[in-house]
Amino acid sequence: MGSKILLSGNEAIARGAWEAGLSAAFGYPGTPSTEILENLVRHKDDVYLEWSPNEKVAFEAAAGASYTGVRTIVTMKHVGLNVAADPLMTLSYVGTEGGMLICVADDPGQHSSQNEQDSRHYARFAKIPVLEPSDSAEASSFVKYGFDLSEKFKTAVMLRTTTRISHSKSLVETYGRQAPGAANFQRNPERFCPLPLWSRTMRHNVEARQKLLQAESEHSPLNRIEWGDKNLGIIAEGLSYQYVKEVFPDASVLKLGFAWPFPDVLIREFAEGVQNLLIVEENEEIMEEHVKSLGIKCLGRDLISGIGELSVPKLLKAKAGIEGKRYDTPVCVKESADLPARPPVLCPGCPHRGLFFALTKHDVIVTGDIGCYSLGVFPPLSRTDTILCMGGGFTLAHGMNKAGEKKRAVGIVGDSTFFHSGITGLIDVIYNKGNSVLIVLDNRTTAMTGHQDHPGTGVTLMGEKTGALSIQAIALACGMEQIDTVNPYDLEQTGSALSKALSSDKPSLIVTNAPCPLRTRCEVGPKRYIDTKSCKACLSCVRIGCPAIESRSKGVPPQIDPEICAGCGLCEQTCNFGAIRRKN
Amino acid sequence: MNILISGVGGQGVLLISNIIAQAAISADFDVKTNEVHGMAQRGGSVLAQVRFGKKIYSPLVWEGTADIIISLEQSESLRYAHFLKRGGLAVTSTQTIIPVTVSSGKAKYPIDMEDRLKNVFPRLIAMDARAEAQKSGNIKAANVVVLGASANEFGLTEENWNKALSNVIPQKYLAINKIAFEAGRRLNK
Numbered sequence: 045m046g047s048k049i050l051l052s053g054n055e056a057i058a059r060g061a062w063e064a065g066l067s068a069a070f071g072y073p074g075t076p077s078t079e080i081l082e083n084l085v086r087h088k089d090d091v092y093l094e095w096s097p098n099e100k101v102a103f104e105a106a107a108g109a110s111y112t113g114v115r116t117i118v119t120m121k122h123v124g125l126n127v128a129a130d131p132l133m134t135l136s137y138v139g140t141e142g143g144m145l146i147c148v149a150d151d152p153g154q155h156s157s158q159n160e161q162d163s164r165h166y167a168r169f170a171k172i173p174v175l176e177p178s179d180s181a182e183a184s185s186f187v188k189y190g191f192d193l194s195e196k197f198k199t200a201v202m203l204r205t206t207t208r209i210s211h212s213k214s215l216v217e218t219y220g221r222q223a224p225g226a227a228n229f230q231r232n233p234e235r236f237c238p239l240p241l242w243s244r245t246m247r248h249n250v251e252a253r254q255k256l257l258q259a260e261s262e263h264s265p266l267n268r269i270e271w272g273d274k275n276l277g278i279i280a281e282g283l284s285y286q287y288v289k290e291v292f293p294d295a296s297v298l299k300l301g302f303a304w305p306f307p308d309v310l311i312r313e314f315a316e317g318v319q320n321l322l323i324v325e326e327n328e329e330i331m332e333e334h335v336k337s338l339g340i341k342c343l344g345r346d347l348i349s350g351i352g353e354l355s356v357p358k359l360l361k362a363k364a365g366i367e368g369k370r371y372d373t374p375v376c377v378k379e380s381a382d383l384p385a386r387p388p389v390l391c392p393g394c395p396h397r398g399l400f401f402a403l404t405k406h407d408v409i410v411t412g413d414i415g416c417y418s419l420g421v422f423p424p425l426s427r428t429d430t431i432l433c434m435g436g437g438f439t440l441a442h443g444m445n446k447a448g449e450k451k452r453a454v455g456i457v458g459d460s461t462f463f464h465s466g467i468t469g470l471i472d473v474i475y476n477k478g479n480s481v482l483i484v485l486d487n488r489t490t491a492m493t494g495h496q497d498h499p500g501t502g503v504t505l506m507g508e509k510t511g512a513l514s515i516q517a518i519a520l521a522c523g524m525e526q527i528d529t530v531n532p533y534d535l536e537q538t539g540s541a542l543s544k545a546l547s548s549d550k551p552s553l554i555v556t557n558a559p560c561p562l563r564t565r566c567e568v569g570p571k572r573y574i575d576t577k578s579c580k581a582c583l584s585c586v587r588i589g590c591p592a593i594e595s596r597s598k599g600v601p602p603q604i605d606p607e608i609c610a611g612c613g614l615c616e617q618t619c620n621f622g623a624i625r626r627k628n
Numbered sequence: 011m012n013i014l015i016s017g018v019g020g021q022g023v024l025l026i027s028n029i030i031a032q033a034a035i036s037a038d039f040d041v042k043t044n045e046v047h048g049m050a051q052r053g054g055s056v057l058a059q060v061r062f063g064k065k066i067y068s069p070l071v072w073e074g075t076a077d078i079i080i081s082l083e084q085s086e087s088l089r090y091a092h093f094l095k096r097g098g099l100a101v102t103s104t105q106t107i108i109p110v111t112v113s114s115g116k117a118k119y120p121i122d123m124e125d126r127l128k129n130v131f132p133r134l135i136a137m138d139a140r141a142e143a144q145k146s147g148n149i150k151a152a153n154v155v156v157l158g159a160s161a162n163e164f165g166l167t168e169e170n171w172n173k174a175l176s177n178v179i180p181q182k183y184l185a186i187n188k189i190a191f192e193a194g195r196r197l198n199k
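Chains as they are written, first to last, in my numbering: chain A, 45 to 628; chain B, 11 to 199.
Watch out, some of these pointers could steer you wrong.
Said to hold, decoys possible - Under the rule of at most 20 angstroms between Cα atoms (straight-line distance), these lysine to aspartate or glutamate pairs were calculated in the EDC-like manner:
1) A:K188 - A:D90
2) B:K95 - A:D372
3) B:K116 - A:D382
4) B:K64 - A:D294
As the list claims (entries may be wrong) - Distance ranges between label pairs, derived from CB positions:
5) A:N275 - B:K118: 50 to 56 angstroms
6) B:Q181 - A:Y219: 27 to 33 angstroms
7) B:K118 - A:S543: 35 to 41 angstroms
8) B:R196 - A:I49: 30 to 36 angstroms
9) A:D90 - B:L134: 48 to 54 angstroms
10) A:A129 - B:L134: 49 to 55 angstroms
No lab work stands behind these hints: they were computed from the structure. Predicted model only: the values in this text are computed from it and were never measured. Ideal Cβ positions, reconstructed from N, Cα and C, are used throughout, including at glycine.
Let's have the full structure, built from the sequences with the hints guiding it.
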């Protein structure tokens, strides 16, 4: 018995994997999955760790590690699994040797994501098992169960969490580390090379494995019936189990931790034991469709929407519906009306601000990407017109320009995104004789997810120094002729590089070169203040959208909050009256 | 016990939720917390939640059930007012942080905050936490002042809080934060 400590789901996965003899872990940062690898850093003497350039690379590297017989995990957010889908689908055929877990974190409610796709679809698609913990203690113990399951059936196993599992903390029992395996690849082309000759056999094996996995699920300790009031029975997985216990404390519950393939015998036994059956699941109605396919009547989506996060109030409403009552949200305190919205914004001193402000001077289409700089879409900057996916910043601009769009399209990606999937877009523009203006906002970190290193930073996740890849040298090698590197805090320099690029009909690359001050923990320059005597209250400075500049009403000089001003000096450059001064 | 902690990204909301959680653990309660990472952290409205008791299922607090709302910025206490249960307590710093939506002229920051707070929250402790923190030795301990002002409501002991503060706050800043915590506590007696 170990001691109990408060851990987030991500911390618990890291701890559980280390305890289970993990040898190597790979991933690409993505909220809400990022902290799994970050929390393994304390164990870097025991475990090899890396941020790979993207999820596909991470997935393949993990598969390679597994082939040698050691335990490995790969971590990513739900949309990252789209990038890794190619190796996923065929790894299912080939199978694994050492235990391999695909730790994928979904984001119902889209707290930090562009969609709320349900990764269980991928597991079913690839025919690999899914485990769904409902708190941190289970996150840790399911990792161990998952490794054993993976090794028993020689398949990768998906450990699916959601934002609230990943970022909620609860008590976890901790243990020591079991001995890791030793890498020792056994050559066997018939086993590891899915050439049609052999992969046709693998295809049959996948189906056979599927039946065995289903039998395993029937008897798994992760699936259990908690008999209670037999008038209402509820099937729940993951976090929905916790909400069910909160709202229906007396109901009978079938909790599915081994969430796919479904234990049909257990489901039938449970359904036959209760008068009414309700399915509670977050995201898609995968469980409900399956239960109905067994010919079992049940309630689910008709009572509880699958759009957005599941919540206790959603279940309270469903409960009232079942009982034929009306549900009113309990509001004991009247809400304060007309509060100003406080959306996330680019931080004070953010180097992206200068580039976006320079873009406000041009009537161009801006195709943006995923990262802090997605915030450039919001007023007052409003200089992003499209966001699709990682790497899409470059390629959407290329497509628009090739389509004959009258306005010039400018494509933006961040530095980490450039290495993730921006490079192929750059190659496309050059190879296919495009004329797009491409911009890399290089702040020397993966900022939005909490400042992870990447191939351009010169440091690995293991904390070792390594060569820092040069974005400009890569572009040059790809055949880009016009490359400008600018200091984004210098509006004149940034503006003229932009004008030059836009006046040319050749493709060009601008790299903004300034580290994220949140990462360096240094102020950019001396803090600024507004001299109220010289200020004409024209509010020009406010148009850069800096949260350190506070303006309450028109006609009154704004103020700069000295506590959060990072001294970047952009506001000083926008003032026509010399009213913004430097503090000594 | 259901607690909400609200503020603006960068104010130290997560530190408070950590301290409360550790204090509850030292009193042998089951504890769950939830916090927000990623995009929302960048200068936006930030919410953390702590629940503790004999057995806790949901890690999230829901509308109409919070015992306490702790806020580091006054408009952020009103933003989550509908989470408060009948008879619940609001503890807030009177600090104002103007959102960019206001600075860019798209919205207005209420000028009658004092009245609004009094009208919305029947039980309210509002304080200039930054001034108190400054007196304690560091303006950055304003979050711990606000926590201190709520501390008597949790049914936790002196020892629980001391343990939690020592667990969460780096040794270097512990003394100043303990003074700030006590200064907050004196505001609610």
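(request) Kindly confirm whether 48 to 54 angstroms is satisfied by the beta carbon distance between D90 (chain A) and L134 (chain B). (result) holds, 51 angstroms
(request) Would you check the hint for K64 (chain B) and D294 (chain A), treating anything up to 20 angstroms between C-alpha atoms as holding? (result) Between K64 (chain B) and D294 (chain A) the Cα gap is close to 17 angstroms, so the pair holds against 20 angstroms.
(message) Is 27 to 33 angstroms respected by the C-beta to C-beta distance linking Q181 (chain B) and Y219 (chain A)?
(response) holds, 28 angstroms
(request) Using the beta carbons of R196 (chain B) and I49 (chain A), state whether their distance is inside 30 to 36 angstroms or not. (result) Given about 32 angstroms between the Cβ atoms, the range holds.
(request) With a cut-off of 20 angstroms on the C-alpha distance, tell me whether K95 (chain B) and D372 (chain A) pass. (result) holds, 14 angstroms
(message) For a C-alpha distance cap of 20 angstroms, please report whether K188 (chain A) and D90 (chain A) respect it.
(response) holds, 17 angstroms
(message) If I claimed the Cβ atoms of A129 (chain A) and L134 (chain B) lie 49 to 55 angstroms apart, would that claim hold in this structure?
(response) holds, 52 angstroms
(message) Looking only at beta-carbon atoms, does the pair N275 (chain A), K118 (chain B) fall within the given range of 50 to 56 angstroms?
(response) Between N275 (chain A) and K118 (chain B), where Cβ atoms are some 52 angstroms apart, the hint holds.
(request) For K118 (chain B) and S543 (chain A), compare the CB-CB distance with the range 35 to 41 angstroms and indicate the outcome. (result) holds, 37 angstroms
(request) Take a quick look at whether K116 (chain B) and D382 (chain A) sit within 20 angstroms of each other, Cα to Cα. (result) Since the Cα atoms of K116 (chain B) and D382 (chain A) sit roughly 12 angstroms apart, the hinted pair holds (cutoff 20 angstroms).
Hint violations for this structure: none, all hints satisfied.
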